[in-house]
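Trainee: Sequence:
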Amino acid sequence: MEVKLELPLRLAKATGRKLSVSVGEKATVRDVLLAALDEEAYRSVVKDGSVAPGMLVLLNERDVRVLDGLDTKVREGDVVTVLSVAHGG
Numbered sequence: 111m112e113v114k115l116e117l118p119l120r121l122a123k124a125t126g127r128k129l130s131v132s133v134g135e136k137a138t139v140r141d142v143l144l145a146a147l148d149e150e151a152y153r154s155v156v157k158d159g160s161v162a163p164g165m166l167v168l169l170n171e172r173d174v175r176v177l178d179g180l181d182t183k184v185r186e187g188d189v190v191t192v193l194s195v196a197h198g199g
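Numbering-wise, the working numbering comes out as the position in the sequence shown, counting from 1, plus 110.
Since the hints were derived computationally from the structure, they do not count as laboratory data.
Incorrect hints may have been included.
[Said to hold, decoys possible] Straight-line Cα separation of at most 30 angstroms, DSSO-like style, residue types lysine-lysine; simulated pairs:
1. 183 <-> 136
2. 114 <-> 183
3. 114 <-> 136
4. 183 <-> 157
5. 136 <-> 157
6. 157 <-> 114
[Claimed, not checked] Taking CB as the label site, the calculated pair distances span:
7. 132 <-> 196: 27 to 33 angstroms
8. 172 <-> 111: 16 to 22 angstroms
9. 181 <-> 114: 15 to 21 angstroms
10. 112 <-> 163: 14 to 20 angstroms
Built from N, CA and C at the ideal position, the CB exists for glycine as well.
Input sequences plus hints: build the corresponding full structure.
Mentor: As structure tokens, this is what we get:
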């Protein structure tokens, strides 16, 4: 099944600018990230099995931390969005 991706430019470069990935029927948000990102980019989004500090991962505009975290199941046509919440002052 196809899951869409929305990534900041820094991570989009690491995916070859893929806008969607194919994953299995029982895939999770974690599976989507593993399929889409290279190892370095994945480590910038995921730390110790959870969403890294300073990062936000959304599934269909909902923070995965209020769902089942990175183990949240995805469906055909879902949209996974990764954002960096770090900013200057």
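Trainee: Tell me if the straight-line CA distance from residue 183 to residue 136 falls inside 30 angstroms.
Mentor: 7 angstroms, holds
Trainee: Just to be careful, I want the Cα atoms of residue 136 and residue 157 compared with a cutoff of 30 angstroms; is the pair within it?
Mentor: 23 angstroms, holds
Trainee: Holds or violated: residue 157 with residue 114, Cα cutoff 30 angstroms?
Mentor: 22 angstroms, holds
Trainee: Using the beta carbons of residue 132 and residue 196, state whether their distance is inside 27 to 33 angstroms or not.
Mentor: At roughly 30 angstroms between Cβ atoms, residue 196 and residue 132 fall inside 27 to 33 angstroms, so the hint holds.
Trainee: State, for the Cβ atoms of residue 112 and residue 163, whether the hinted interval 14 to 20 angstroms holds or is violated.
Mentor: Violated: the Cβ-Cβ distance is about 30 angstroms, outside 14 to 20 angstroms.
Trainee: Holds or violated: the 16 to 22 angstroms window for the beta-carbon distance between residue 172 and residue 111?
Mentor: Check passed, 19 angstroms falls within 16 to 22 angstroms.
Trainee: For the pair we were handed, residue 114 and residue 136, check the Cα-Cα distance against 30 angstroms.
Mentor: 16 angstroms, holds
Trainee: Decide if the proposed pair is consistent with the structure: residue 183 and residue 157, CA atoms, cutoff 30 angstroms inclusive.
Mentor: 19 angstroms, holds
Trainee: Tell me if the beta carbons of residue 181 and residue 114 are separated by a distance inside 15 to 21 angstroms.
Mentor: 19 angstroms, holds
Trainee: Would you mind confirming whether the straight-line C-alpha gap from residue 114 to residue 183 stays at or under 30 angstroms?
Mentor: At roughly 14 angstroms apart (the allowed maximum being 30 angstroms), residue 183 and residue 114 satisfy the hint.
In the structure shown, a violation is registered for the earlier hint numbered 10 alone.
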